[in-house]
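Colleague: Given the sequences, and given the hints that come with them, work out the whole structure.
Each protein sequence line maps, in turn, to chains S and Z.
Using this note's numbering, the first residue of the first sequence is number 6, and each one after it goes up by one.
Using this note's numbering, the first residue of the second sequence is number 5, and each one after it goes up by one.
Check the hints yourself; a few may be wrong.
Claimed, not checked - Rough simulated footprint, nothing fancy, chain Z against chain S, three-plus residues with beta-carbon under 8 Å:
1) 88-99
2) 276-284
Said to hold, decoys possible - Simulated DEER-style distance windows between Cβ atoms:
3) S:R232 <-> Z:K243: 58 to 64 Å
4) S:V76 <-> Z:T185: 49 to 55 Å
5) Z:K491 <-> S:V250: 38 to 44 Å
Hints listed in this document are in silico derivations from the structure and should not be mistaken for laboratory results.
Computed from a prediction, not measured in an experiment: that's the story for all the values here.
All residues carry an ideal CB built from backbone N, CA and C; glycine is no exception.
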Amino acid sequence: MGRFILRRLVQAIPTLIGILLLTFALTRLSPSDPIQLMLGGQYDITPEDRIALRESLGLNDPLPLQFIKWVWAILHLDFGQSFYYHRPVMDLIFERVPNSLQISIAALIVTVAVGVPLGVIAALRRGHVEDHGIRIFSVAGHAIPQFWLGLMFVLTLSVQLRWFPIGSMNAVGIDCGLCWDRVWHLIGPVAVISIAGIANLPRILRTEVLEVISQDYVRTARSKGLREQVVIVGHVLRNALIPVVTSFGTILLVFFSGALIIERVFNWPGLGRLTFEAAVNKDYPLVQAGVVISSVLLIISYLLRDIAYAWVDPRIKVR
Amino acid sequence: MRQQRTRRVLIAGIAAVTLIATACAPTGAPSTSATAAPSEQPVAGGRVVVGATGDPKTMQPVISGDTTSSLIWQQVYLTLTRANYKTGLTEPNLAEKFELSSDGLTLSYTLRDNLVWSNGDPFTGEDWKYTVEAVARSKKTVRKSTYQDIVGWQDYVDGKTDSVAGIAVKNNGKAIEVKFTKVFCPAVSALGAGGAGGILPSKLFRAQWENKSTDVSKNIDDIPYNMNPPASMGPWIFKSFQPGVQVTFAKNDKYFRGAPLLDELVVKVYADTTAVKNALMVGEVTYAGIQPADNDEVSKNDALKLFRFKQSSYDYIGWNLKAAKAPWLANTQVRQALAYGIDAPAIVNKVLLGFGSQIYAHTPPVSWAYDDAGFTKYSRDVNKAKQLLEQAGAKMGTDGVYRWTDGTPMKMRIETNQGNNVRETILQFAQEQYKAIGIQIDPLLESFNALLDRTQPGTDYEGFIIGWSLGADPDPYSIWHSSQSGKDQFNDVFYANPVVDKALVDNRNGPDCSQAARRKALHTMDLQLNQDVPYTFLFTRDALTYADKKLHNFDPDTYSTGSFWNVEKWWFKK
Chain S
6 MGRFILRRLV
16 QAIPTLIGIL
26 LLTFALTRLS
36 PSDPIQLMLG
46 GQYDITPEDR
56 IALRESLGLN
66 DPLPLQFIKW
76 VWAILHLDFG
86 QSFYYHRPVM
96 DLIFERVPNS
106 LQISIAALIV
116 TVAVGVPLGV
126 IAALRRGHVE
136 DHGIRIFSVA
146 GHAIPQFWLG
156 LMFVLTLSVQ
166 LRWFPIGSMN
176 AVGIDCGLCW
186 DRVWHLIGPV
196 AVISIAGIAN
206 LPRILRTEVL
216 EVISQDYVRT
226 ARSKGLREQV
236 VIVGHVLRNA
246 LIPVVTSFGT
256 ILLVFFSGAL
266 IIERVFNWPG
276 LGRLTFEAAV
286 NKDYPLVQAG
296 VVISSVLLII
306 SYLLRDIAYA
316 WVDPRIKVR
Chain Z
5 MRQQRTRRVL
15 IAGIAAVTLI
25 ATACAPTGAP
35 STSATAAPSE
45 QPVAGGRVVV
55 GATGDPKTMQ
65 PVISGDTTSS
75 LIWQQVYLTL
85 TRANYKTGLT
95 EPNLAEKFEL
105 SSDGLTLSYT
115 LRDNLVWSNG
125 DPFTGEDWKY
135 TVEAVARSKK
145 TVRKSTYQDI
155 VGWQDYVDGK
165 TDSVAGIAVK
175 NNGKAIEVKF
185 TKVFCPAVSA
195 LGAGGAGGIL
205 PSKLFRAQWE
215 NKSTDVSKNI
225 DDIPYNMNPP
235 ASMGPWIFKS
245 FQPGVQVTFA
255 KNDKYFRGAP
265 LLDELVVKVY
275 ADTTAVKNAL
285 MVGEVTYAGI
295 QPADNDEVSK
305 NDALKLFRFK
315 QSSYDYIGWN
325 LKAAKAPWLA
335 NTQVRQALAY
345 GIDAPAIVNK
355 VLLGFGSQIY
365 AHTPPVSWAY
375 DDAGFTKYSR
385 DVNKAKQLLE
395 QAGAKMGTDG
405 VYRWTDGTPM
415 KMRIETNQGN
425 NVRETILQFA
435 QEQYKAIGIQ
445 IDPLLESFNA
455 LLDRTQPGTD
465 YEGFIIGWSL
475 GADPDPYSIW
485 HSSQSGKDQF
495 NDVFYANPVV
505 DKALVDNRNG
515 PDCSQAARRK
525 ALHTMDLQLN
535 QDVPYTFLFT
545 RDALTYADKK
555 LHNFDPDTYS
565 TGSFWNVEKW
575 WFKK
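Modeller: In structure tokens, the structure reads:
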């Protein structure tokens, strides 16, 4: 197991280098002058100061050297100063990561809690109205863009009907951590992000369950006189879930990309909104950090998926 | 100088610009004001929530250049004088008296008695001096031009002295005397309020940056207090900042106008103006400015009340007099034809739904310097426009487009910023209506930053639609003086008129700085602009602010930055 993890870690390195190169290139290839962006045209600065600033930021170095210096700084968790907020980028990021994790973790729990039973029901009730209903939901959940769903949620359930808050993490005047008020504010963004995941799960699970259910050992279990629930949960589901674990990669991707827009729609002060606003403000150090950190988080979650996969299906390690 | 390019009411990072509140922190005065009936006794307690789009970049005025930041620091750091919320004229604030000497070279302030910071320290002239010197040494400030004419300013900036020689604090800190190297009429407004920003508590700030020094490498730009105001002279005391969520203030019992009746002020951060409007609709924010297009929806909300007032801003189409591809723009008759060619009132009705009015020159109607005597009131007249074009030497081509004297078809670009519905609609109007007078327009939409870049004084642009947001004290020197067409300068239409140049200098440098003299100078300028029309002046907008009906004494107007001028008297009816 240890060697497997190590191998996966080593394999992640090229991906990481690719991401770093791309992020670096995108910002350096932008036609805007970083000094101009940093100063926002409003600072009282002499041409000499400008030259000194350019020098001190290392912008006169050759690009490969700039890249190496940048990566070296990142390895020390130093993404530089935000052009817009004039604060260390890592401080801004650390303020937001816990907020984003709240949405992601809650969405993951909801996705599994709702998606798995739906998949099982679809398989067990194949051809019945439940199966058709779940299939329609799956297709619709995939087809509807999250931002639209989010906007509709805010417009109808929050602004019109006032059942839910219009956004943010807590009501004005309440800051109680993970209390009921927070859960109340989480419902909107988590519901919208989960729908894409929930739409995904039953499709995979249904096929798997149908396959497993026709296996000999299931027939054996039934013939032993085991109760149907025990057969389904203990024998069918355990085996059917293996491919589901792989699909978590896709689900996590949906969470990360979705959070960018959903956090903005629901005014959630997370990493996604921070990155989005940084892009609008042309705050390149912050955009770079946001992209790199999200990517690293994604790589880590893929890694965890692989490890989980290896753990539930010992055959993987051998391959 | 207090003006800025506007996006909607927008900020284009420009030197020496003071901030004008955004839609979420509306400026302004009411068409009707919510004053308490005599039988209604004010009730203490409650919380006001205002919306902001984006986190504050700083909570300290010296380095502040954005609207959210100024919304924050103005609650705790006050100015010596301020603009009257209705008239824009300078009125006392922390200073009870201010006086410019007859030669215009000495400005004296007398502070109110018994002023104290929220932590109990006395407020003195040294606090003001400290703040001015912080500006001098800052590398991130936008306020240097406010003080550059003070005697000894440059020496202090360069580190040759450890104090600005032209500022004397007298009478136990109760009096301030400022000496200038030359007469600068806008100084009274600028030094006391306009370009100055709020005054810092020097006793506390000295621990993080010492002003009595010749070391120019040290400054106030990155000190911890910038994000954590340690004491307040304003109605509110800074309590907490939750990034991306809100900034919370508690009332300041030591506020010199009296402790606020309300307990708390919250500046809540929203993703955009639509989110602020939604928050207004559900009662999460107490008041907010809205766009005319949203008025129908918001006006149906029974819990809200409308305050409508004029803004000190305008939108226009600028014509580049040095455009390489449109040499006709240098001709006054052609520009007059362009002014006759467009239906500004129709634009006001279509894009502002009537919440605005046509203008004919630079000075906005709400300003104390406004005088429309003698203006030509342009209105759409196709025949007159064509007649003017022909007088200028243009000949109609077979395709319905005029040919200029050199035979080229009169075809040009008009550009504006994408995503701004108002400006995009103006562009559509211009395209259609100028076609009717035989001028073909190629529309060009780009980002706001690209628009600012492209209209850097040069020859590669013809027409552009943009706006100015102007401060209370009128000083349009940087917009219209013929010397102001260099890089990063604002006379990007290359307007040059000796009469206007002289009027601008008279308005600025007097020596007669009286209101009457300045009004006369500005009227001279406006009359010339009205005839020369280097811009097709379009309209000035009305601000629409909706507030919770239960909030009493709320009374916003044109110059009441953030509406807070009387915040200590606000209260909620139970």
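Colleague: Just pull the numbers of the violated hints for me, sorted ascending.
Modeller: Hint 5 is the one this structure does not satisfy, whereas the remaining hints hold.
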